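Q: Got chain E; can you put chain V on it based on the hints?
If you're matching them up, the sequences are chains E and V in order.
Going by our numbering, the residue at position 74 of the first sequence is 74; the numbering climbs one at a time, nothing skipped.
Going by our numbering, the residue at position 92 of the second sequence is 92; the numbering climbs one at a time, nothing skipped.
None of these hints come from the bench; they were simulated from the model.
Computed from a predicted structure; not experimentally measured.
Just so it is clear, CB atoms sit at the ideal spot from N, CA and C, and this is done for glycine as well.
Please note that the accuracy of each hint is not assured.
As the list claims (entries may be wrong) - Here are a few chain E residues that face chain V, going by a calculated C-beta distance under 10 Å:
no., residue
1, S24
2, S62
3, V66
4, G93
5, Y96
6, P99
7, R102
To be verified - For each label pair, taking beta carbons as the anchor points, the in silico distance ranges come out as:
no., chain 1, residue 1, chain 2, residue 2, range
8, V, P214, E, P25, 49 to 57 Å
9, E, S88, V, M533, 35 to 43 Å
10, E, G52, V, A459, 29 to 37 Å
11, V, E292, E, I85, 48 to 56 Å
12, V, E352, E, P84, 20 to 28 Å
13, E, Q83, V, D353, 46 to 54 Å
What the hints assert, rightly or not - Here chain E is said to cover these stretches of chain V; the calculated rule only asks that three of the stretch's residues, wherever they fall, bring their Cβ under 8 Å from a Cβ of chain E:
no., region
14, 85–96
15, 156–166
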Amino acid sequence: MNKLSILCLFLVSSIGVAEAQELSPAEASGKVVFDKWCEPCHGRVAGGVFGGLGTNALPGTSALMVKYKGDLPPVLEDRIDLQPIYISTVVRGGLYGMPISRKTEISDADLQNIIAYLNRPR
Amino acid sequence: MALPPNTSQAEFNRALAEFESVVGADWVFSSDADVALYRDSYSPLWGEEEERIASAAVAPDSVEEVQEIVRIANRYKIPLYPISTGRNLTYGGAAPTLTGSVVLDLKRMNRIIEVDDKRNYALVEPGVSYFDLFKYIREHDLQVMLDVPDPGWGSPMGNSLDHGVGYTFGPYRDHFGSHIGLEIVSAEGELIRTGAGAIPGSDAWQDFHYGAGPSIDGLFAQSNFGIVTKMGVKLMPMPEAFKNVTVTVPRYQDLQSLIDEVNYLEDSYLIGMPFYNSPAGGGLFDPTPLGELMQNGWPNPEQLEAFVTAQNKPAWSVSFHLYGPQEIIQGTWTAIQRRFSDKIAGAAFEEEDLHNLPIPDDDIPALPDKAFLGIPNLEIFHIVNRNPMNDNDPPDGHADMFTMAPRTAEGVHTAARVLAEAYQEMGFPPATSPFSTPITFYARAFVVAVLIPTWRDSAKNAASRALYERCLDKIAEIGMGTYRTNPAFQELAVSKYSFNEGALLKYQEKLKDAIDPNGIISPGRYGIWPANMRNNRG
Chain E
1 MNKLSILCLF LVSSIGVAEA QELSPAEASG KVVFDKWCEP CHGRVAGGVF
51 GGLGTNALPG TSALMVKYKG DLPPVLEDRI DLQPIYISTV VRGGLYGMPI
101 SRKTEISDAD LQNIIAYLNR PR
Chain V
1 MALPPNTSQA EFNRALAEFE SVVGADWVFS SDADVALYRD SYSPLWGEEE
51 ERIASAAVAP DSVEEVQEIV RIANRYKIPL YPISTGRNLT YGGAAPTLTG
101 SVVLDLKRMN RIIEVDDKRN YALVEPGVSY FDLFKYIREH DLQVMLDVPD
151 PGWGSPMGNS LDHGVGYTFG PYRDHFGSHI GLEIVSAEGE LIRTGAGAIP
201 GSDAWQDFHY GAGPSIDGLF AQSNFGIVTK MGVKLMPMPE AFKNVTVTVP
251 RYQDLQSLID EVNYLEDSYL IGMPFYNSPA GGGLFDPTPL GELMQNGWPN
301 PEQLEAFVTA QNKPAWSVSF HLYGPQEIIQ GTWTAIQRRF SDKIAGAAFE
351 EEDLHNLPIP DDDIPALPDK AFLGIPNLEI FHIVNRNPMN DNDPPDGHAD
401 MFTMAPRTAE GVHTAARVLA EAYQEMGFPP ATSPFSTPIT FYARAFVVAV
451 LIPTWRDSAK NAASRALYER CLDKIAEIGM GTYRTNPAFQ ELAVSKYSFN
501 EGALLKYQEK LKDAIDPNGI ISPGRYGIWP ANMRNNRG
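Here chain E stands alone, though its shape is the one from the complex (with noise of 0.2 Å):
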């Protein structure tokens, strides 16, 4: 392994770990659970179907930017103002098109998890 190697791989490794020390580990594992229910709609990247349809944003995202325009991010993990009680009741009562998540899918550990995640300190 060449020097520049070893540079590339600790900062990579470096980063990892500053990344995850950001994170309270209810956090973390709120994250995990983001990623997995909440990011493949309300995520950044999108790339969008049938011939252009979506190629802006993701559908939760589009939607958000369509009801908030610009007054607030359409990015959930951009949100500094989701109250626990706000984010429980949509995860498990749903909100227009999204639908209600049961305790099989999304635990009431995850969800205070995702909670801590969306609330956390920045």
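A: Positioned in the frame of chain E, the structure of chain V alone reads:
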């Protein structure tokens, strides 16, 4: 809380206690708040007395637990409604067909038992999602391609058992058609394996699906004859590359010739899913205002040709992926262009770059049309989510009305016209036009689709239901039906398959009575009622 039919609260409590003894108290859900999680998020009956509501849910972790639960349900004569991932949105979600049923939530049974990229199959449990299976294939560097439906959180097993569909090569797009081998818990709790899986010690369960004697696999799709606990999935070997190409034809009358040639290519297994569109008609999701043309009713052929000419765009297009080694793709594409040019004057061709497969992980998020490469995603929700056109009143769900039409231009036009008439008769602007194009989810049939919104508002839902039912009635009058629908419409949908005074449903119900004498598996699903509940029909 709803109770199972003909069951007292005391009896139900005893049954719940027995369920708890099998799966543990954490996995029996009977509080109002927990049972509400088993509502159909997109129910066209939301909040009404007729909404299908569970009495409880029980979530086993193993086949043995499923068998025990079935035996308990038989003793108490309590109906069970099995779900896999419970994400069968539009078609009922996690909610039962019959109010008071106990939902048998199989989400915890989420083991990927095997994926073989030499014999090209997977063996999975019900709770595995397409996302899970894709992740597993990637993490293990397996060289197979999935065929996925639109939402990736669904279950390969559940989707197949509801006759779900996808977007790649014809044989793989029909998900039940590409299953191979089932494990079933019968309505009496007995464990059955089909195909070669019935031979003790067989290593060919996912290679040979017939076995000897009658195949019974079809009984377990869109039905209520047993609970499937394992299923084999045929997988396509990962192609070396793909290329997206488009053929356009200039005239309105060219559609039949275009279809004839695409059918030849599709049925010869030369192309992936054909995706029809109408550039002159405005595209699939951006319909040109046809109001002026349509003011005096359905236009005649001359008016339609004149309209196309005025748009200065091709009347029709079809795009499809070519998959395989680069040399095969280029050769196939050359032959396709020759064939179309020979048959249709003015046929024109567009091609995108050839891409190697598999797609690198980092390139997946921004990749368009992921489903055409078997990559699970949720981007289809754009179709129904809040957007600039519905910003004031976005729907809460949708009930998809899929008309199964013959693979002809006349079939497409007739279905589109009849659906437009249904919309007009019910006071809605038409959602189909002379430029409506078929969807080719099934390689051997056309789908003409309309998406009818559903709401958490009973007045709006009543109008949507009336429209849906009108569409079903009207397409049946021209000899067409649908392939899959919400429990609210299942009885009406199957009633249209009424040849010889409904001989098919009568036969299915004879089987039901023999196989499930206590009527405990999903009573009423797709119109099949057990003898002791047959008066529930209608």
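Q: Next, verify each hint and record whether it holds.
A: Now for the hints, and whether the structure bears them out:
no. : hint                        : in the structure
1   : S24                         : violated, 25 Å
2   : S62                         : holds, 6 Å
3   : V66                         : holds, 5 Å
4   : G93                         : holds, 8 Å
5   : Y96                         : holds, 5 Å
6   : P99                         : holds, 4 Å
7   : R102                        : holds, 4 Å
8   : V:P214 to E:P25: 49 to 57 Å : holds, 55 Å
9   : E:S88 to V:M533: 35 to 43 Å : holds, 37 Å
10  : E:G52 to V:A459: 29 to 37 Å : holds, 35 Å
11  : V:E292 to E:I85: 48 to 56 Å : holds, 51 Å
12  : V:E352 to E:P84: 20 to 28 Å : violated, 46 Å
13  : E:Q83 to V:D353: 46 to 54 Å : holds, 47 Å
14  : 85–96                       : holds (count 6)
15  : 156–166                     : violated (count 0)
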